[in-house]
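Student: Next come the chains, spelled out residue by residue.
2 protein chains.
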Amino acid sequence: MCELLGMSANVPTDICFSFTGLVQRGGVTGPHRDGWGIAFYEGRGCRMFHDPRPSAESEIARLLQRYSIKSCNVISHIRQATHGKVTLENTHPFRRELWGRVWAFAHNGKLKGIKRRPLKFYRPIGTTDSEHAFCWILDAVRERFPTPPKRRETLWRFLEGLLQEVHGLGTFNVLMSDGRDLFAFCSTKMSWLTRCAPFGAVALTDTEMEVDFERETTPNDVVTVIATQPLTSNEVWNPIAPGTLVVFRDGQPTEVRSDGRMESLAVCSAVEAYERQRSG
Amino acid sequence: MCELLGMSANVPTDICFSFTGLVQRGGVTGPHRDGWGIAFYEGRGCRMFHDPRPSAESEIARLLQRYSIKSCNVISHIRQATHGKVTLENTHPFRRELWGRVWAFAHNGKLKGIKRRPLKFYRPIGTTDSEHAFCWILDAVRERFPTPPKRRETLWRFLEGLLQEVHGLGTFNVLMSDGRDLFAFCSTKMSWLTRCAPFGAVALTDTEMEVDFERETTPNDVVTVIATQPLTSNEVWNPIAPGTLVVFRDGQPTEVRSDGRMESLAVCSAVEAYERQRSG
Chain A
7 MCELLGMSAN VPTDICFSFT GLVQRGGVTG PHRDGWGIAF YEGRGCRMFH DPRPSAESEI
67 ARLLQRYSIK SCNVISHIRQ ATHGKVTLEN THPFRRELWG RVWAFAHNGK LKGIKRRPLK
127 FYRPIGTTDS EHAFCWILDA VRERFPTPPK RRETLWRFLE GLLQEVHGLG TFNVLMSDGR
187 DLFAFCSTKM SWLTRCAPFG AVALTDTEME VDFERETTPN DVVTVIATQP LTSNEVWNPI
247 APGTLVVFRD GQPTEVRSDG RMESLAVCSA VEAYERQRSG
Chain B
7 MCELLGMSAN VPTDICFSFT GLVQRGGVTG PHRDGWGIAF YEGRGCRMFH DPRPSAESEI
67 ARLLQRYSIK SCNVISHIRQ ATHGKVTLEN THPFRRELWG RVWAFAHNGK LKGIKRRPLK
127 FYRPIGTTDS EHAFCWILDA VRERFPTPPK RRETLWRFLE GLLQEVHGLG TFNVLMSDGR
187 DLFAFCSTKM SWLTRCAPFG AVALTDTEME VDFERETTPN DVVTVIATQP LTSNEVWNPI
247 APGTLVVFRD GQPTEVRSDG RMESLAVCSA VEAYERQRSG
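Chains A and B are the protein sequences, given in the same order.
Using my numbering, the letters of the first sequence map in sequence onto residues 7 to 286.
Using my numbering, the letters of the second sequence map in sequence onto residues 7 to 286.
Looking at chain A on its own, in the form it has when it is part of the complex:
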């Protein structure tokens, strides 16, 4: 299996802190040694860094832990190969252009029979079942919507159906984005939290590091982090129920139900929630 990390924020924010926690799992506190990758959206552009080497030993990963790239949408992945060799082209996130936007996709899990699904527009470059699933999903979106639908909820509902369909083939924890929305589909395991006022000091689980977000932020910042497994020890993480799509925009989560209904989820300071739990 692999580990996923995503961020959705209402102001460009660096992900150095959470990324530092994640990369430890690529060879130190976790077995995910088969490469890693990260996508940062900046405006309409998207910067990606990939390395087929373990994140804990990667010089590029080291640079990204100290070099602050600010973004409102980030997707990262560290890989433990189950399907497809350890090569650069099999390293997530994958990317394709649709409607003049960059779509990025990272997957944790294993799918049965996805490669038998025929593809039309997009072709995999590597050999993973993940990239095939991504191409199949974008093919379907493109076919249904040659131009972007007017209401974003129309797209969300359609994507929810596609994600459920692939989920039927196995384990399909996914982070996906077009640069505006961050789509988080939980198949077996995924949690999120929001950092917003009141901020506080937060400590990583995987390595000795603490950051006081009070000093790094302004009172209106809303920064939501999504991860396979909680990365911090003194914040409350919200698990996503298996088989559920949550869409994040500007840090705000909306649950998209299979019956087409939408529910905006309330956000609150994860560190304050933890303190309240502890004292209460």
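Incorrect hints may have been included.
[Claimed, not checked] Calculated lysine-lysine pairs in the DSSO-like style (CA-CA distance at most 27 Å, straight line):
no.	chain 1	residue 1	chain 2	residue 2
1	A	K156	B	K76
2	B	K76	A	K91
3	A	K156	B	K126
4	B	K126	A	K126
By construction, these hints were calculated from the structure, which means they are not laboratory data.
Quantities reported herein were computed from a predicted structural model and do not represent experimental measurements.
With chain A held as given, fit chain B onto it using these hints.
Tutor: For chain B alone, coordinates are given in the frame of chain A:
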């Protein structure tokens, strides 16, 4: 205008030396301050690094000057914006997938009226005339060859026609690759050289740096470097005639003529050629 740098080699080779020369032109010895980018093919995969900041001041560019990424196909670009704002999405090289391969494209020059050409499959993400030209070319290739043609020369001839057509709209110096072939189209200015046995010590024009390739190579290595302007002072560079496409594979150049004929160009050690010129 911008500067281009490409490499085609028969063994995975790092481009640290030539890249070090190029980045000086992004703010030190040259005015190309509006971002830079580089694409390294590794197997079927392609790693790209982009930065909208000047290359001479970029921390990522600094990493790449010492961090050896070995590749048989590299395309790099430093930008002096003529068309389109200085943003990440306007930073070359651009990339798209066709036939399950990554295509990369970088352009130096200015085109008139290219944006009036309708696009079908690929859409620009940024606002440059360059990316529009790239999308138009790939659209045409995809339309003509839904699957890759059996003989690579068939593709080369078709591409030559497309490149000539865009060249008719202005200045169109281009480096483009599908990971196997490196297509170098000269509109106004482009030169190449080959590093092969006998190797020797080579000095950069733009900064004090010398490398003895004798120590870094094996006798069978063939490494061809293509650049807008020569990067070294003691090697013979071969200019490409304006309006000409040269295709490089494994470091070996082939000129593709407009009448459909092909000519394999002879390669020889650029540093030996220089010594011979000097002494003769």
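Student: Looking at the structure, which of the earlier hints fail to hold?
Tutor: Failing hint: just 1.
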